[in-house]
Structures are given as structure tokens and as C-alpha cells.
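*Asks:* Chains A and B are the protein sequences, given in the same order.
Note that the first sequence covers residues 1 to 321 in this note's numbering.
Note that the second sequence covers residues 1 to 319 in this note's numbering.
Only some residues are given here: those of chain B computed to face chain A with a beta carbon under 8 Å:
{"#": "1", "residue": "Ser96"}
{"#": "2", "residue": "Gly97"}
{"#": "3", "residue": "His117"}
{"#": "4", "residue": "Ser118"}
{"#": "5", "residue": "Leu120"}
{"#": "6", "residue": "Ala121"}
{"#": "7", "residue": "Thr249"}
{"#": "8", "residue": "Asp253"}
Keep in mind the hints are simulated off the structure, nothing from the lab.
All figures in this text were calculated on a predicted structure; none of them were measured in a lab.
Just so it is clear, CB atoms sit at the ideal spot from N, CA and C, and this is done for glycine as well.
Residue-level listing of the chains:
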Amino acid sequence: MGWAIALHGSAGDIPLSLPPERRQPREEALRRCLQIGVEALKAKVPPLDVAERVVRELENAPQFNAGRGSVLTSEGTVEMEASIMDGAAMRCGAVSGLTTVVNAVSLARLVMEKTPHVYLAFRGAEEFARQQGVEIVDASHFITEENIDRLKQAKEANRVQLDYSQAIQNDTKKEMPLANGDSQIGTVGCVVVDGHGNLASATSTGGLVNKMVGRIGDTPIIGAGTYADARCAVSATGKGEAIIRGTVARDVAALMEFKGLSLKEAATCVVHERTPKGTVGLIAVSSKGEVAMPFNTTGMFRACATEDGYSEIAIWPSSKN
Amino acid sequence: MGGWAIAVHGGAGVDPNLPPQRQEEAKKLLTRCLNLGISALRSNASAIDVVELVVRELETDPLFNSGRGSALTENGTVEMEASIMDGPKRRCGAVSGLTTVKNPISLARLVMDKSPHSYLAFHGAEQFARQQGVQLVDNQYFITRENVAMLKLAKEANTILFDYRIPNESCGAGLQMNGLPLSVYAPETVGCVAVDSEGLCAAATSTGGLMNKRSGRIGDSPLIGAGTYACELCGVSCTGEGEAIIRGTVARDVAAVMEYKGVGLQEAVDFVVKHRLDEGKAGLIAVSSSGEVAYAFNCNAMFRASATQDGFMEVAIWD
Chain A
1 MGWAIALHGS AGDIPLSLPP ERRQPREEAL RRCLQIGVEA LKAKVPPLDV AERVVRELEN
61 APQFNAGRGS VLTSEGTVEM EASIMDGAAM RCGAVSGLTT VVNAVSLARL VMEKTPHVYL
121 AFRGAEEFAR QQGVEIVDAS HFITEENIDR LKQAKEANRV QLDYSQAIQN DTKKEMPLAN
181 GDSQIGTVGC VVVDGHGNLA SATSTGGLVN KMVGRIGDTP IIGAGTYADA RCAVSATGKG
241 EAIIRGTVAR DVAALMEFKG LSLKEAATCV VHERTPKGTV GLIAVSSKGE VAMPFNTTGM
301 FRACATEDGY SEIAIWPSSK N
Chain B
1 MGGWAIAVHG GAGVDPNLPP QRQEEAKKLL TRCLNLGISA LRSNASAIDV VELVVRELET
61 DPLFNSGRGS ALTENGTVEM EASIMDGPKR RCGAVSGLTT VKNPISLARL VMDKSPHSYL
121 AFHGAEQFAR QQGVQLVDNQ YFITRENVAM LKLAKEANTI LFDYRIPNES CGAGLQMNGL
181 PLSVYAPETV GCVAVDSEGL CAAATSTGGL MNKRSGRIGD SPLIGAGTYA CELCGVSCTG
241 EGEAIIRGTV ARDVAAVMEY KGVGLQEAVD FVVKHRLDEG KAGLIAVSSS GEVAYAFNCN
301 AMFRASATQD GFMEVAIWD
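I would like the entire structure built from these sequences, with the hints used as guidance.
*Replies:* Right, here's the structure in full:
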């Protein structure tokens, strides 16, 4: 037992040749966000607050595909979505189609706490945001040069950039040439458990580069991109359509609940046996303080720490994976 | 065992004082839709085509809360959502926030078949609908006088937006919420599940959502794993308290229980309704790849109809 925290900045075809100037800012951001989460846990901040706080940081970091730094739709706009879930009471909140809200994860939390609903989207969500007085900025705030480039490239390649893996109809495994060889495609997320076994999960994203306007991915869908109950908390990242059909986050918990698997076994099973290669990564913690961070893509920006002093920040598979 | 099977629903949680005439109308509609599905299955239509066909019929009829006859948002408009899932490869499609698309379930199918995505919503979904050339109508088309009156009642009672929580007092005497019969809020979401003669399953769900809901509110119906799910083992469609269905990942759990615990359809259905809903009220219909049909609900009633190839057929409302 003991607290544990894990966070991710997306899974995908992150090339091993990622140059230092692309790699280091992300590692730094992961380190900083991990530190924020760890300090909060040490100060006995409740898991839901910790998860929200860490995801807010990740949203604010322009290196990741959430909040500022979100990828662009086919029309060059930003549409952000997020969800959050509190394992203890299994309360949850989700938002989609945000264009001016600085922290989507916080709005998701407000939906959970201030409305009888679970999920608000698009104009209705934006109106709610205004009523709640959350921080709102001009839509241009979220757009970065890198993402303008990324969209341009995707349009030239004339297909949707599906988190590095081939598009659904594709038969050839084509390497997507990415701006400067790196990628920002994916999602950010955080899962937390405190010393009493209380769990929480939160995920946030800008979605897919060149996505159709109005496209919703796995991130705001409870059971797909986010899930938390009394056994575990899970946040997934990767190819949204695969995560939805694979009900990834719920499946980890379901395997534990119905088949008696351990966290590691369940997480490994879902990622390596139940979803296609190159599509998914996830982070998970259990009520007992265990951590699992499997992925079936080339890499996953991730970090974790546990109360007994262990901590890790990584991108590609480590020997432990 | 084996052979086709089909089930249809028109919502869980029913006003116990529902006028007999209304009950008759509901049963007639359920019967008509069931027969439509049975005919198609007998002609070897695939499950995915059958569920779409049946739900289109339910959307077109103004009786239940989907398509025409949808519940109204707090603004007096209609915002519809739906999802469809094809068991064999677990392909899926979903839509939310539709205001002019005559048959949301068909747009959900087009999202699945003709777009690189699984879920489109609001103006993006409407744009896609125009590109696809589906039938579009004015938002007024979906609004019925009855629902305008219901909305007024709901606003006067100053209630909301419940994924309806049955109030503290007993469920026994008239099901009420804030002094009004449940039917004012009752989702009456519609759905259909089918397994065809090849043992392939599919599921589809469609709704206008909650009466007096906030614009932009999304419920369980378009969420894969919550309101709708289909895989190699089964097809499931849910209805009831949206929040409970979402947090309980109800549709997915029926299949998960079958797969991970190795139990049969009815047992899985009963288990999920009993254990995955907490205080929430909901119901579901399901079919298995081996030709079984099952349903369960933890409230007073669910509009439902089901049939199997070996001649079983039932149309019912109450427990």
C-alpha cells in the first residue's frame, strides 16, 4: 500500500531518432508535472485534485497535445476534450468541442460536480464554462506554429494522422513523415491513488491532426479513455477509434474484477492481447499502490512515482516493460 | 439454440398511471417494429441492417423519445443522439447534437461506414450529414405538441435535468419526481439488438435525451460501452438513468461478464443490472451469438418486445 501516481503525454510512433531539442522539453515537462503530483500526494491532497492539477499542468505545457499545443482540425481550429473520474463514488465528468476554455479537465470536473449531467459538449459546454466563470481565452491562444505545420503536412499527405498507425482502410504500414520527426499526437493523462486506496483518473486532448470538425475521440468517453473505480484508475492514449471499440480503460478494471487478474496482468492483457499493435498505451494504478504503463506503440511519454521512492520518466520501452 | 433473435425497447421507467390508450399505442408500435425486424431477419438480412432499419422506424414514429417525438432541451429545441455497433469487428458509429437529421441512427451508421472516425457531434455532424446527402428537415419537424406541454410542466416544477433519480419515497406508489409523473422526464430512449442467421450481433440506440436538458448535454445513448455495445458474443442496448449507465459501462459489462466470467447471456444481463447500477434505474435488452434474447430492468417497467427464430415472441411493458 502507499500512494502512487503515473502520467502520460501520449503514445505513438515516437522515433528513437527524436532529436534532443524535441525530447528534452517533453522530459522536462513530464518531470515537472510528476513533481507537482508527488508533492501534492505527500501533502495529502485528495487523488481527484491531484489528477486534475497534474493534467492542468500538462494542458498548459505547449509540448503536448492538450490545451495549448492542441492539434488542429481540418479547418485549422482547436476542439478540445477531456474527462475525469473519481474512483470512490465512480462519479465522472466529460467535455468535448471546447475552443476557448484554458483547462478542459477542470471544466469536466465542474460538469461532474455542478450539474446533474456527466457530459457537455460544444456550444453548450462553452456556455456552461462562461456561467462557471472558468478561465477563457481567445481561440488563438491554443494554436502553435508546430501544429500549423503539422496540419499542413497532414493535408499534403491527404489523410488523417491517426496517431502514427495506419488509417483504418490502409493496407500498407506507411511511415507518417512528421514535422521534424517528432510527434505530438495523442493525449495527456494522469492516474492517482492515495495511501487509503482512493483512486482517480483524468485525460485531456486536442484530438487528431486534421480531424473532421466535430470528431470526438476516446478521451471524453468513460470506459474508453478514462476509468476509475475501487480497484484501479486508468488513462489511455493512442488511436482513439481503437480505444473506443476496445473499451480500453474499463477493460483493465473488468479483467481485474471478473477474472481476478492483477493490475499488471490486466493492463498487459488489454494492451498486448486485446488491441492491435501500434494503437494503444495506457497508465494505470491500483488501490494497492501498484503502477503499470504498458504500450504497444514505439513509445509513450510517461512518468510515475510510488511512495516507496521509486520513480521513472521514460519514452521508449524500458527493460521492465 | 442458434438462429436469429431480436429485441426492441422504447425506454425503461414508466409512469404507472400511463393511460391505457397510450399503453396500447406503445405495444402496437413495438409489435410493428419487431415484425419489421423479424421479416428482415427471415430474409437473411444482416444484424447491422436490421437494427438500423428497426431504429429508423422508431425514430420516425413520434411516440417514443427519438427522432420525431424527441424530448426538448431547455430551449425548446431538439438535440438528438444515437450509436450503432457491429459485433463482428466491433466497428461503431455515433452522433450527438443533431438538429436537422431525420434519422440519427442512419447518420451514426454513415459515421461508421463512411468516415475515418467513430463519433461526430454538433455542427461537425450536421456538416457531415449534408455532405452525405441524408434527409434533412427543419428542427420543428421533431417537436410534438405533447412534448412542448411536457417541457412546460418540467420548467414549472423547476426541475431538471435528471438522469432521473427516483426520489426518496418508495417506488411503489406512482413513480414521481418533484411531484410530476416520471413520464415527464422518462427518457423513452429506443433501441434494437439483433443476431442474424449467421450468428452475427449488432446493437443500435437512439434518443432525444432528457426533457429540459441543458443544450449540449450528452447522455449514454451515443457512448459505446455505455448505451450500446456489440461484439462476437452479444449485442446490447440500454435505457434509463444516463449517468448510471455511463459510470456502470453497462452495455460493455454484459459482454465482459460473459467473456471474463464465462456465463451465459441471461446471467450476465441479470448480474449487470443488479451490480453495475448502484442507485441508478435502468434497463437493457441483449441478444447472444447463439440466438438467445434477454432483458432486465431494475425499475417498474420497460417498453419492450422480443422474438427468436424458434417461435418465441413477447411484447410487454410492466414487470
